[in-house]
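> Throw the hints in and build the complete structure from the sequences for me.
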Amino acid sequence: MENIDVSDEFTFDKEKEIARSFSKRFQWEMLVIGIGQALIWLSLWPLVIYGYFSLFLASSIAIICACFAYLPSHEAQHGNFSRGNPKRRWIDSFVSHFTLITIMFPHDLMRCTHMKHHAYTNNPEKDPDYDTASAKSLWEVIVRTQEGTTKYQRVAEVYKDDPAFMKSFNKGMLVGMLYRSVLLVLVVIFPLETLFLWWLPSKIGVIYLSTFFSWYPHYQTDIGRYKDTRFWSHWMPRFFNHSMQLHFIHHLHPGIGHYDEPKAIEALKPFLIARKVPGAEDIPERVKFNPLIKL
Amino acid sequence: MNKFNELLMNHISHWNMVWFGLIFWGSIFNSIALNFGFDKNPLFFYIIGFLFGLLAKHRGTWLWKT
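Here the protein sequences line up with chains A and B, keeping their order.
Residue numbering for the first sequence follows the working numbering, beginning at 35 and increasing consecutively.
Residue numbering for the second sequence follows the working numbering, beginning at 8 and increasing consecutively.
No lab work stands behind these hints, which were simulated from the structure alone.
We put the beta carbon where it would ideally sit given N, CA and C, even for glycine.
Wrong hints could be hidden among the right ones.
Examples of chain B residues lying across from chain A (beta carbon under 7 Å, computed) [as the list claims (entries may be wrong)]:
1. Ile30
2. Phe31
3. Ile35
Here are the computed lysine-lysine pairs in the DSS-like style, where the Cα-Cα straight-line distance is at most 27 Å [unchecked claim]:
4. Lys121/A <-> Lys185/A
5. Lys205/A <-> Lys160/A
6. Lys303/A <-> Lys58/A
7. Lys261/A <-> Lys58/A
8. Lys48/A <-> Lys58/A
9. Lys194/A <-> Lys205/A
10. Lys310/A <-> Lys50/A
11. Lys10/B <-> Lys237/A
12. Lys185/A <-> Lys64/B
13. Lys303/A <-> Lys50/A
14. Lys64/B <-> Lys194/A
15. Lys160/A <-> Lys237/A
16. Lys10/B <-> Lys205/A
17. Lys205/A <-> Lys47/B
18. Lys47/B <-> Lys201/A
19. Lys170/A <-> Lys237/A
20. Lys261/A <-> Lys185/A
21. Lys64/B <-> Lys170/A
22. Lys170/A <-> Lys185/A
23. Lys10/B <-> Lys194/A
24. Lys201/A <-> Lys185/A
25. Lys47/B <-> Lys10/B
26. Lys160/A <-> Lys10/B
27. Lys48/A <-> Lys297/A
28. Lys185/A <-> Lys10/B
29. Lys50/A <-> Lys261/A
30. Lys160/A <-> Lys310/A
31. Lys303/A <-> Lys261/A
Have a look at this one:
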């Protein structure tokens, strides 16, 4: 942790205590979004195949589903459904596996690489998300997200001596191969449906995800607990980018549930200013409907 | 069995783009062609998909290099 001189009022213990009070609630909204979007996406297939929906309409809905697919898994990766209760861990696993079908991401691969992203944020060698976070333009983000498995081969090389990481990684790669096989079988039977209901939405979903979850929050930030993620503003209402303007609070306290972040930020604002979190001065007093637009 | 898995993984890691081009893009090109009334031999479109994959393997990416 950085050695910034902060008054006794803003010690890390006090910050943690406040953060902990927002880290208890079961994230039911995320459960509904995760399961809901995956069910909607699955239902699109028979609706298109039997001619009830046009492929264009269904593809548009599938793209929206893909954009909603990751965040429930992200909560699960941090155990924000089970909240440390071993009997509830199956909820984390189930929600994450199920919601990620839409974007063809394996839960175990996402979880192990995301934990490394938290541990080594902005480290060029060790942060698996550094490729997109360090992009200089949106175009670069788009191109880098399309690298696919090449990126993960590089990540595996870095962590090859970490048995726990590699166990999750290999499990994830197997699920990834299963996704690939299902995609290749489906494309032979339903070519255009597979392209427009799964492949294209997953690509757009991943670009959306990398842009708002990885690039904007970490753009031109440094290494260090209070420096690696920033508060930012955007012309887009925050509900369209999953409130990723508030992503810095997640990096400081990953246990805070996504829908409890606005309240946590209001409570922690003085601590964030004292710790010189990038952009903290611009945090509004009340994070309500949409105070985070900057035109 | 381990040897087989190793060979399979090795093959997939080297040739996945080519297989993807052949099966995925071949099927897509063929389907699009049928939709536009081209009734050429499907093999033609699968060969285009295969070449597309081969080119991606050679370049190391489907898109632009950064």
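> Okay, which hints does this one fail, numbers in order?
Failing hints, ascending: 4, 11, 17, 18, 25, 26.
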